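Peer 1: Spelled out from the first residue to the last, the chains are:
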Amino acid sequence: GESVGLHLPTLSVQEGDNSIINCAYSNSASDYFIWYKQESGKGPQFIIDIRSNMDKRQGQRVTVLLNKTVKHLSLQIAATQPGDSAVYFCAENMGGYNKLIFGAGTRLAVHP
Amino acid sequence: NAGVTQTPKFQVLKTGQSMTLQCAQDMNHEYMSWYRQDPGMGLRLIHYSVGAGITDQGEVPNGYNVSRSTTEDFPLRLLSAAPSQTSVYFCASSYGSGSRATEAFFGQGTRLTVV
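Which chain is which? The protein sequence lines are W and V, in order.
Residue 51 in the working numbering is what sits at position 51 of the first sequence, and the numbering runs on without skipping anything.
Residue 58 in the working numbering is what sits at position 58 of the second sequence, and the numbering runs on without skipping anything.
Bound-form chain W, shown alone (with noise of 0.2 Å):
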């Protein structure tokens, strides 16, 4: 079935590094994706998204990738901060309509 999913369920980085996030998606046809950062107790809060007729799109300090061929997006965090642990969701968007389907999520422990 259409599935979203995490390549690594932590990733440790130390402060000021770069960190990198990724993701696998299984529906070809899907056109819409967002990465969302969760911290603990709260709501998943929107990062940043990519339509398919993208490769690339920034924002302050996150890029996300998205290789269509191989079926599969990144989140980069540059400069990675202590604020950036947290819970990273990727989620495929179906159609629109609020349909979300989220992969397990990659938490992201920052070391000073």
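Derived from the structure by calculation, the hints contain no laboratory data.
Any given hint might turn out to be false.
To be verified - Sample of chain V residues lacking proximity to chain W, with all beta carbon distances greater than 10 Å (derived):
(1) GLN11
(2) SER67
(3) THR71
(4) LEU78
(5) VAL115
What the hints assert, rightly or not - Only pairs whose alpha carbons sit at most 25 Å apart, straight line, appear in this in silico DMTMM-like list of lysine to aspartate or glutamate:
(6) V:LYS9 with V:ASP73
(7) W:LYS56 with V:ASP73
(8) W:LYS42 with V:GLU59
(9) V:LYS9 with W:GLU39
(10) W:LYS42 with W:ASP55
(11) W:LYS71 with W:ASP49
(12) W:LYS42 with W:GLU15
(13) W:LYS71 with V:GLU59
(14) W:LYS56 with W:ASP31
(15) W:LYS42 with V:ASP26
(16) W:LYS71 with W:ASP31
(17) V:LYS14 with V:GLU30
(18) W:LYS68 with W:ASP31
(19) V:LYS9 with V:GLU72
(20) W:LYS42 with W:ASP84
(21) W:LYS42 with V:GLU30
(22) W:LYS68 with W:ASP49
(23) W:LYS42 with V:ASP38
(24) W:LYS56 with W:ASP17
(25) W:LYS42 with V:GLU72
(26) V:LYS9 with V:GLU59
(27) W:LYS68 with W:ASP55
(28) W:LYS56 with W:ASP84
Note that the coordinates shown come from a computational prediction; the quantities given were computed from them, not determined experimentally.
Even glycine gets a Cβ: it sits at the ideal position worked out from N, Cα and C.
For this one, chain W is given, so just place chain V on it according to the hints.
Peer 2: Just chain V now, kept in the frame of chain W:
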């Protein structure tokens, strides 16, 4: 700007009890959804709505009912609570579909325990 508001934040139910989780958004969004999040997992879609009076099932709808009488509100009803429904519930809203789809905004969640 309140965004998406969920009440209550915490709830303990006994098996067999019923209750309603409330969700309200003040952004005039067309689309609203309910998700559940079990420990160590991603969110799974329970029910969603594309507008007032229109709802449909998501991935895990059994044991839950929804209705949408207004654009702002989208309550989730547990008909007869079971321990398997112990979870954190999130409500979300968004607007636009297809190429106009935008990110979903989430509430802070309701942590439900069924004993």
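Peer 1: Looking at the structure, which of the earlier hints fail to hold?
Peer 2: 7, 10 and 17
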